[in-house]
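Engineer: Residue numbers (the working numbering), protein chains in the order written: chain A, 1 to 349; chain B, 1 to 244.
Honestly, the hints are just simulated from the structure, not real lab data. We put the CB at the ideal spot given by N, CA and C, even for glycine. Please note that the accuracy of each hint is not assured.
Part of the chain A face toward chain B, derived, beta carbon under 8 Å [claimed, not checked]:
hint	residue
1	TRP213
2	ASN256
3	ILE260
4	GLU261
The following residues of chain B were derived to be distant from chain A, with all beta-carbon distances above 10 Å [said to hold, decoys possible]:
hint	residue
5	GLY162
6	LEU233
7	LEU239
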Amino acid sequence: MSTGTGSTDERTDARATDADAADASTETSPAEADETRVDGADARAESSGDVADDAPASDVADPADAPESADVTEPADSATDSPADADEPEVTSASALREDGVDADAEDLDDEYDAETESDASEADEDEPAETTPVAAATAGPLTDDGVPHRRRRSDPPPAVYNYAEGERRHRDDHRRRSRRGAGWIAASIVLFLLLGVSVALNWHLWHTTEAWEARADELTAINYDLGSRLSAEQATTMQLESEIDLVSQQLATSNQRVIELSAESASAIDESAFADQQIELLTGHLTTATSTATSLQRCVDGQQQLTEYLHTPDEYDPDELADFEDSVNELCATAERNQQRMLAELAE
Amino acid sequence: MRRALALAAAAALTLTGCSALPAGPAPMPSDWVPEPTATPVAQNVGLSPDGFTAAQRMTLRVRNIGCGFIKTGTGFALDAFTLVTNRHVIENSRDIQVSTHDGRVIEATAASSTTVADIAIITTTEPLGGAFAARATEDPVEGDVITVVGYPGGGKLTTVSGVVLGAVPDPVEDGGAVDTVLATTAQVQPGSSGSPVLSDEGEVVGVVYAKNETQSFIVPVSMLNTLLAQPSLLVPDSLECTTS
Chain A
1 MSTGTGSTDE RTDARATDAD AADASTETSP AEADETRVDG ADARAESSGD
51 VADDAPASDV ADPADAPESA DVTEPADSAT DSPADADEPE VTSASALRED
101 GVDADAEDLD DEYDAETESD ASEADEDEPA ETTPVAAATA GPLTDDGVPH
151 RRRRSDPPPA VYNYAEGERR HRDDHRRRSR RGAGWIAASI VLFLLLGVSV
201 ALNWHLWHTT EAWEARADEL TAINYDLGSR LSAEQATTMQ LESEIDLVSQ
251 QLATSNQRVI ELSAESASAI DESAFADQQI ELLTGHLTTA TSTATSLQRC
301 VDGQQQLTEY LHTPDEYDPD ELADFEDSVN ELCATAERNQ QRMLAELAE
Chain B
1 MRRALALAAA AALTLTGCSA LPAGPAPMPS DWVPEPTATP VAQNVGLSPD
51 GFTAAQRMTL RVRNIGCGFI KTGTGFALDA FTLVTNRHVI ENSRDIQVST
101 HDGRVIEATA ASSTTVADIA IITTTEPLGG AFAARATEDP VEGDVITVVG
151 YPGGGKLTTV SGVVLGAVPD PVEDGGAVDT VLATTAQVQP GSSGSPVLSD
201 EGEVVGVVYA KNETQSFIVP VSMLNTLLAQ PSLLVPDSLE CTTS
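Chain A on its own, in the form it takes in the complex (with noise of 0.2 Å):
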């Protein structure tokens, strides 16, 4: 290792000294217990027990950790049983390739351990209690500089005991979890499966409630252009019936106004008439006073002249009736001067 590259360097290192944390899980406090199983993770999925074999030889300080080192890393070879066994070129060279990010498999394969890792110790954190485990050694942590206990880092030396038994009881807790994973897993695909139909199934609705609704918008449509154009000769018509009733109704004031004025024309004709009627009626009347005069006027005058052929002989008549027969004719001329008197008071009227 010694002739890796830095970053091959720091991630052996890394790796040497997760798996003694590893070790130190078992005897660390319960606060201590995530860092604890995601290191003993990594040891696992490395499957690099001849790296861890190699690296705490010449990268960590204390020699004695060494065999601790490569007992840690025995149950990951055993269990993983394999593909991930590396020598330390084949190691050396994915380092060099994962630089180069060629060497995609290898690097995804440190991820999904990384990420099954982080989340097993999630669910140890949430799932499982705490273990209590007493360790003597080391449950107060390394003390800094100034002698005040603080959390155990990576770069802490590995502790000095190694409990078998507590890691033989957590790879069967990792093996449930899996079990539990997968079941999981199971449950959740049934789920999504069953919300995939769903969806299916209501895009389908969507998709004809759509359909019918395009259908309406045009039918609408349609309908509207029809209203449109039947409004529009309606509007036409209307226009066309309002100026025929302006029209007829000029010709009705017209015609009333001639009803008008020839009610007046016949009134006043009515009138003319009685007025005339009135007048034939009084100008009958003066003809009739003119003829009773000029009858009496007649007699006067006839009176008269009998009187004057009497008097060219009186000798021959008796005076006394010769002179009632003259105050006769004076009686008789005095009524018609009378009804000449009052025809001329009536033409004067």
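Model the placement of chain B on the given structure of chain A, informed by the hints.
Structural biologist: Using the frame of chain A, we list chain B on its own:
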């Protein structure tokens, strides 16, 4: 797995939000255009069977064929057989004729007048027409706009407008009015006597009976209502010549 379950729960919640699914369109309605009503919405009061207004149709021309004279005036129909005019229109009459707006001539059969106002009532046996006067219950007041419909000069049917100036004493000597009359600005002529004075509502608010150079004078409708309510105040007139 928890993330998967959370994802499933979120998807379920999302689908649950779609529980109010939009429904398809309802059946297309067919009653777009309402059925036209068979009856007219409202009767236009301005229309009449012959195109004349009610005021024109109820206004009548009165012809007094007297003893040696012809006199014309105006009247208005109270009902089918009764009309109102002025007393001086039918004085010394031997025959009274009534002409409608369309030229029909109707003979009057009787007439009666009163001495408390220049008002006379004429009755006929033939129906006068289709429009009759609606009398107001209160007299017009100063400033009210009035309309006078009549036959000025015995000529054509004419409509003039004016404004009530207020109550004044009877300006005519021996006019016979026992109460005040109303002066208006409506320009009338001889022959307009007996014309109905209409308010804006078309109600009769007075009867024209006199004029001077600038004003016309009307008998208030309250007096007319009083006379019509008390027939004893009306004295029948003899349709005979009282002068030789």
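Engineer: Each hint should be assessed against the structure and marked as holding or not.
Structural biologist: Comparing the hints with the structure gives:
1. With a cut of 8 Å, the hint placing A:TRP213 at the interface with chain B holds, because the nearest CB-to-CB distance is about 6 Å.
2. Hint status for A:ASN256 relative to chain B: holds, with the closest Cβ pair at about 5 Å, below 8 Å.
3. Of the supplied interface hints, the one on A:ILE260 holds, with its beta-carbon coming within about 5 Å of a beta-carbon of chain B, less than 8 Å.
4. Of the supplied interface hints, the one on A:GLU261 holds, with its beta-carbon coming within about 6 Å of a beta-carbon of chain B, less than 8 Å.
5. With a least CB separation of 21 Å from chain A, B:GLY162 remains clear of the 10 Å interface cut-off, as annotated.
6. Interface exclusion of B:LEU233 from chain A stands, the closest Cβ pair being 31 Å apart, more than 10 Å.
7. With a least beta-carbon separation of about 14 Å from chain A, B:LEU239 lies farther than 10 Å from that chain, consistent with its non-interface assignment.
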